[in-house]
Amino acid sequence: MTFISVLKLKDLYKALLRIAKTIYENDILINQAEQSLDKAVTILHHTRPEHVNIVSQYKELAEIRFTWLTSVRSQYHLKDFGDVFEKYLITSIKKDTAGIGLVSFLCGIFV
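Per my numbering, the very first residue in the sequence shown carries number 531; after that it's consecutive.
None of these hints come from the bench; they were simulated from the model. It is possible that part of the hints are untrue.
Said to hold, decoys possible - Dumping the calculated SDA-like pairs for lysine to any residue here, alpha-carbon to alpha-carbon at most 25 Å:
hint : residue 1 : residue 2
1    : Lys-609   : Leu-599
2    : Lys-609   : Asp-541
3    : Lys-551   : Tyr-618
4    : Lys-551   : Leu-574
5    : Lys-551   : His-607
6    : Lys-569   : Phe-596
7    : Lys-540   : Ser-601
8    : Lys-617   : Leu-539
9    : Lys-551   : Tyr-606
10   : Lys-589   : Asp-610
11   : Lys-589   : Ile-620
12   : Lys-569   : Ile-549
13   : Lys-617   : Ser-535
14   : Lys-569   : Leu-619
15   : Lys-540   : Ile-594
16   : Lys-589   : His-575
17   : Lys-540   : Arg-603
18   : Lys-551   : Leu-537
19   : Lys-544   : Glu-590
20   : Lys-544   : Asp-610
21   : Lys-617   : Glu-564
22   : Lys-540   : Ala-550
23   : Lys-609   : Val-571
24   : Lys-540   : Ile-584
25   : Lys-609   : Leu-546
26   : Lys-569   : Asp-610
27   : Lys-538   : Leu-559
28   : Lys-617   : Lys-569
29   : Lys-569   : Leu-546
30   : Lys-538   : Asp-610
31   : Lys-551   : Ala-570
What the hints assert, rightly or not - Derived DEER-like restraints, expressed as beta-carbon distance ranges:
hint : residue 1 : residue 2 : range
32   : Asn-583   : Lys-544   : 13 to 21 Å
33   : Leu-608   : His-575   : 29 to 37 Å
34   : Gln-605   : Leu-537   : 30 to 38 Å
35   : Ala-570   : Leu-537   : 46 to 54 Å
36   : Ala-550   : Tyr-588   : 48 to 56 Å
37   : Gln-587   : Leu-537   : 35 to 43 Å
38   : Ser-535   : Ser-604   : 48 to 56 Å
39   : Glu-616   : Lys-589   : 31 to 39 Å
40   : Lys-540   : Lys-609   : 38 to 46 Å
Even glycine gets a Cβ: it sits at the ideal position worked out from N, Cα and C.
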């Protein structure tokens, strides 16, 4: 293995590590959003006036919960990590012309 190959491997490792960390942190945020909604539902359940229609209230809560979780998921569920590869791989690969094959390979995998 050449010195340049070792550097590319280290850059790939850094990129994959950053992606894993981002996914882990975003999963924590999604779980916190779900827990906060569950707590809100519990609080509303215990403070519900007797004259409120339970079916309509449940339907409204379900719709609000779905909308909230959908927006949180779209915000924190990343599918494109091009910026990470740009930071860790593409910049270092552009410095040497032998990296063109690796750039093409990575672009083919992550597009």
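Hint check:
1. Between Lys-609 and Leu-599 the CA atoms are separated by roughly 17 Å; this keeps the pair inside 25 Å, and the hint holds.
2. For the suggested pair Lys-609 and Asp-541, the alpha carbons sit about 20 Å apart, so the restraint of at most 25 Å is met.
3. For the given pair, Lys-551 sits about 14 Å from Tyr-618 by alpha-carbon distance, which is consistent with the 25 Å threshold.
4. As the CA atoms of Lys-551 and Leu-574 are separated by approximately 35 Å, the hinted pair breaks the 25 Å bound.
5. Between the alpha carbons of Lys-551 and His-607 the distance comes to roughly 13 Å, so the proposed pair stays at or under 25 Å and holds.
6. A C-alpha spacing of about 15 Å is found between Lys-569 and Phe-596, which places the hinted pair at or below 25 Å, so the restraint holds.
7. With a C-alpha separation of about 35 Å, the suggested pairing of Lys-540 with Ser-601 is violated against the 25 Å cut-off.
8. A distance of roughly 14 Å separates the Cα atoms of Lys-617 and Leu-539; the hinted pair therefore holds under the 25 Å criterion.
9. Between Lys-551 and Tyr-606 the CA atoms are separated by roughly 13 Å; this keeps the pair inside 25 Å, and the hint holds.
10. The hinted pair formed by Lys-589 and Asp-610 fails the criterion: a straight-line CA distance of about 34 Å is larger than 25 Å.
11. A C-alpha spacing of about 49 Å is found between Lys-589 and Ile-620, which places the hinted pair above 25 Å, so the restraint is violated.
12. Using a Cα cut-off of 25 Å, the hinted pair Lys-569 and Ile-549 is violated, with the two alpha carbons roughly 30 Å apart.
13. Taking the CA atoms of Lys-617 and Ser-535, the gap is about 18 Å. The hint holds against a cut of 25 Å.
14. For the hint linking Lys-569 to Leu-619, the alpha-carbon distance of about 43 Å lies beyond 25 Å, and the restraint is violated.
15. Using a Cα cut-off of 25 Å, the hinted pair Lys-540 and Ile-594 is violated, with the two alpha carbons roughly 45 Å apart.
16. Annotation: proposed proximity of Lys-589 to His-575 holds, straight-line Cα distance about 13 Å (limit 25 Å).
17. Note on Lys-540 and Arg-603: the hinted pairing is violated, with a Cα-Cα distance of about 31 Å set against a maximum of 25 Å.
18. With a CA separation close to 21 Å, the supplied pair Lys-551 and Leu-537 stays within the 25 Å bound.
19. For the given pair, Lys-544 sits about 45 Å from Glu-590 by alpha-carbon distance, which is inconsistent with the 25 Å threshold.
20. With a C-alpha separation of about 16 Å, the suggested pair Lys-544 and Asp-610 falls inside the 25 Å cut-off, and the hint holds.
21. At roughly 32 Å between alpha-carbon atoms, Lys-617 and Glu-564 are farther apart than 25 Å, so this suggested pair is violated.
22. For the suggested pair Lys-540 and Ala-550, the alpha carbons sit about 15 Å apart, so the restraint of at most 25 Å is met.
23. Taking the CA atoms of Lys-609 and Val-571, the gap is near 30 Å; set against the 25 Å cutoff, the hint is violated.
24. Distance check on the hinted pair: Lys-540 and Ile-584 sit about 58 Å apart at the alpha-carbon level, beyond 25 Å; violated.
25. Of the pairs offered as hints, the one joining Lys-609 and Leu-546 holds, with about 14 Å between alpha carbons and a cut-off of 25 Å not exceeded.
26. Among the hinted pairs, Lys-569 with Asp-610 is inconsistent with the structure: their alpha-carbon atoms are about 32 Å apart, more than 25 Å.
27. Between Lys-538 and Leu-559, the direct Cα distance comes to roughly 32 Å. Violation of the 25 Å bound is thereby established for this hinted pair.
28. Proposed proximity of Lys-617 and Lys-569 is contradicted: the alpha carbons are some 39 Å apart, above 25 Å.
29. With a CA separation close to 35 Å, the supplied pair Lys-569 and Leu-546 exceeds the 25 Å bound.
30. Restraint check for Lys-538 and Asp-610: satisfied, since their Cα atoms lie roughly 21 Å apart, inside the 25 Å limit.
31. Note on Lys-551 and Ala-570: the hinted pairing is violated, with a Cα-Cα distance of about 29 Å set against a maximum of 25 Å.
32. Between Asn-583 and Lys-544, the C-beta spacing of about 56 Å breaks the proposed range 13 to 21 Å.
33. For the pair Leu-608 and His-575, the supplied restraint of 29 to 37 Å holds, since their beta-carbon distance comes to about 34 Å.
34. Between Gln-605 and Leu-537 the CB atoms are about 34 Å apart, so this pair conforms to the stated range of 30 to 38 Å.
35. Judged by the Cβ atoms, the range 46 to 54 Å given for Ala-570 and Leu-537 holds: they are separated by roughly 50 Å.
36. Restraint check, Ala-550 to Tyr-588: a C-beta distance of roughly 38 Å breaks the suggested window 48 to 56 Å.
37. At roughly 60 Å, the beta-carbon separation of Gln-587 and Leu-537 lies outside the given 35 to 43 Å, and the hint is violated.
38. At roughly 38 Å, the beta carbons of Ser-535 and Ser-604 sit outside the given window of 48 to 56 Å.
39. In this structure the hint that Glu-616 and Lys-589 lie 31 to 39 Å apart at CB is violated, the actual value being about 45 Å.
40. Separation of Lys-540 from Lys-609 is about 25 Å and departs from the stated range, judged on CB atoms against 38 to 46 Å.
In summary, the structure is inconsistent with hints 4, 7, 10, 11, 12, 14, 15, 17, 19, 21, 23, 24, 26, 27, 28, 29, 31, 32, 36, 37, 38, 39 and 40 from the numbered list given earlier, while agreeing with the others.
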